[in-house]
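Colleague: With the hints as constraints, model all of the structure from the sequences given.
Sequence order for the protein chains is B and D. Residue numbering for the first sequence is 1 to 115, as defined by our numbering. Residue numbering for the second sequence is 1 to 118, as defined by our numbering.
No wet-lab data here; the hints were simulated from the structure. Each residue gets a CB set at the ideal place from its N, CA and C atoms; glycine is no exception. Watch out, some of these pointers could steer you wrong.
[Stated by the list, open to error] Label pairs and their in silico Cβ distance ranges: (1) D/Gln82 / B/Ser27: 31 to 37 Å; (2) B/Ser27 / D/Ile117: 38 to 44 Å; (3) B/Pro8 / D/Ile60: 26 to 32 Å.
Now for the letters of each chain:
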Amino acid sequence: DSGVTQTPKHLITATGQRVTLRCSPRSGDLSVYWYQQSLDQGLQFLIQYYNGEERAKGNILERFSAQQFPDLHSELNLSSLELGDSALYFCASSLFVSGSKETQYFGPGTRLLVL
Amino acid sequence: AQSVSQHNHHVILSEAASLELGCNYSYGGTVNLFWYVQYPGQHLQLLLKYFSGDPLVKGIKGFEAEFIKSKFSFNLRKPSVQWSDTAEYFCAVNAGPYSGAGSYQLTFGKGTKLSVIP
Numbered sequence: 001d002s003g004v005t006q007t008p009k010h011l012i013t014a015t016g017q018r019v020t021l022r023c024s025p026r027s028g029d030l031s032v033y034w035y036q037q038s039l040d041q042g043l044q045f046l047i048q049y050y051n052g053e054e055r056a057k058g059n060i061l062e063r064f065s066a067q068q069f070p071d072l073h074s075e076l077n078l079s080s081l082e083l084g085d086s087a088l089y090f091c092a093s094s095l096f097v098s099g100s101k102e103t104q105y106f107g108p109g110t111r112l113l114v115l
Numbered sequence: 001a002q003s004v005s006q007h008n009h010h011v012i013l014s015e016a017a018s019l020e021l022g023c024n025y026s027y028g029g030t031v032n033l034f035w036y037v038q039y040p041g042q043h044l045q046l047l048l049k050y051f052s053g054d055p056l057v058k059g060i061k062g063f064e065a066e067f068i069k070s071k072f073s074f075n076l077r078k079p080s081v082q083w084s085d086t087a088e089y090f091c092a093v094n095a096g097p098y099s100g101a102g103s104y105q106l107t108f109g110k111g112t113k114l115s116v117i118p
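Modeller: Pasting the structure below:
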C-alpha cells in the first residue's frame, strides 16, 4: 500500500458523459501527478499540481481538467467522453521539494470504461 | 523531450533463470531513473531508483539495476526469477531542470511483460 488512494476503482459510463476521478495523496506530499495508461499509448503524464497550483501539463486533452484542493486532494474531470478515453487513470504523489531527488508513489488507479 | 525505450515487449522465463530487461533513455543531461513493477490487476510499485552515486543500485525483491551513462542505459537484473515475479515492468525517467519552476513528471517506457513458468 503506497498511501495514495483513488476513488472510484471502476467507472463505467457512456459516450458524451462527464466523470470525476478523485485522488488523495500520501500524508505530507504536496504534489499530485495524473497519468493515463492505455493499451496503445502506454503510460502518459497528463498534469501535475503542487500545493494547489498547476505545475506542468503533459498530453492532456482540452476536454480534461484537474484541480487540487486546500486539503491537497485532487480531482481529474473528464468530459464529453469518447470510447478512446477508456483507460486506467493513475494518480501519484510526491513531496516535491525543489532541487531534491523525489520519488513518486502511485495509487491503485481508476479503471474507466466508456461504452 | 526525453524518451524511454524498453527493448523487449514480452519475456518468458522458467523459474530460477536469470533476468535482464533493457532500458535506454534519450536525454543528454542529468536524469533520475526508476523501475516500477505492475503485478496483474495492481498499481505501480517502485522497485528501485537511481539518483546519483554508485551506478549499481539494489531494490526490493532481489532486483538490481545498473546505470551506464555512456550507453544511456539502466538495465534491470535479477539472478534467479520466481513465479511471483510475473508482472509488467516499466522503466521511467525524469529529467531536469531541477528548479523551483521545473516539474518532475515521469516519462515511461512501453513496459516489458515478464511471464515466469513454474
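Colleague: Hints first: check each against the structure and report whether it holds.
Modeller: Going through the hints against the structure:
{"no.": "1", "hint": "D/Gln82 / B/Ser27: 31 to 37 Å", "result": "holds, 33 Å"}
{"no.": "2", "hint": "B/Ser27 / D/Ile117: 38 to 44 Å", "result": "holds, 41 Å"}
{"no.": "3", "hint": "B/Pro8 / D/Ile60: 26 to 32 Å", "result": "holds, 29 Å"}
Hint compliance for this structure: every hint is met.
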